[in-house]
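K.L.:
Assemble the whole structure, with the sequences as input and the hints as a guide.
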Amino acid sequence: MPARLIIKYLGGLKIVAAIVQRDASSVSRWHDFIPAKHQQKLLNYAREHGIDLRPEDFFYPERLQSLMQEQRPPLSKICKSRVVDHTGETLQP
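Under the working numbering, the first residue of the sequence shown carries the number 163, and numbering increases by one thereafter.
Treat the hints with caution; some may be incorrect.
Stated by the list, open to error - Calculated lysine to any residue pairs in the SDA-like style (CA-CA distance at most 25 Å, straight line):
(1) 176 - 186
(2) 176 - 209
(3) 199 - 166
What the hints assert, rightly or not - Derived Cβ-Cβ restraints for the label pairs, each shown as a range:
(4) 232 - 187: 25 to 35 Å
(5) 232 - 185: 15 to 25 Å
(6) 191 - 221: 11 to 21 Å
(7) 230 - 209: 26 to 36 Å
(8) 216 - 194: 11 to 21 Å
(9) 195 - 230: 30 to 40 Å
These aren't lab readings, by the way, just hints derived from the structure by calculation. Glycine is no exception: its CB is placed at the ideal position from the N, C-alpha and C atoms.
P.N.:
Encoded structure:
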């Protein structure tokens with residue numbers, strides 16, 4: 163479960179796959195835990211982009227669950243991607 167939560171928190175399979183330089187199908191097979199060799203890449207990316215991701219989040223997801231209930235995941239900060247978040251929100255002048 164921590165893997166799925168972190169993937170969602172960071173913006174989804176395609177974004178995480180780009181960060182760790184793997185295809186999305188490989189990332190989709192991470193059911194419980196993210197492989198150790200990719201955890202540091204995700205932590206570095208989060209730090210560089212002002213995303214609150216901590217080493218303990220990979221094993222104890224309660225803090226992330228709480229953060230995600232309080233606010234939307236930081237999709238706008240993730241990466242220069244072609245992925246668009248269609249949430250139905252509209253911009254107001």
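K.L.:
If a hint holds in the structure, say so; if it does not, say that too.
P.N.:
Hints versus structure:
no.: 1; hint: 176 - 186; verdict: holds, 5 Å
no.: 2; hint: 176 - 209; verdict: holds, 19 Å
no.: 3; hint: 199 - 166; verdict: holds, 17 Å
no.: 4; hint: 232 - 187: 25 to 35 Å; verdict: holds, 32 Å
no.: 5; hint: 232 - 185: 15 to 25 Å; verdict: violated, 32 Å
no.: 6; hint: 191 - 221: 11 to 21 Å; verdict: holds, 19 Å
no.: 7; hint: 230 - 209: 26 to 36 Å; verdict: violated, 19 Å
no.: 8; hint: 216 - 194: 11 to 21 Å; verdict: holds, 18 Å
no.: 9; hint: 195 - 230: 30 to 40 Å; verdict: violated, 18 Å
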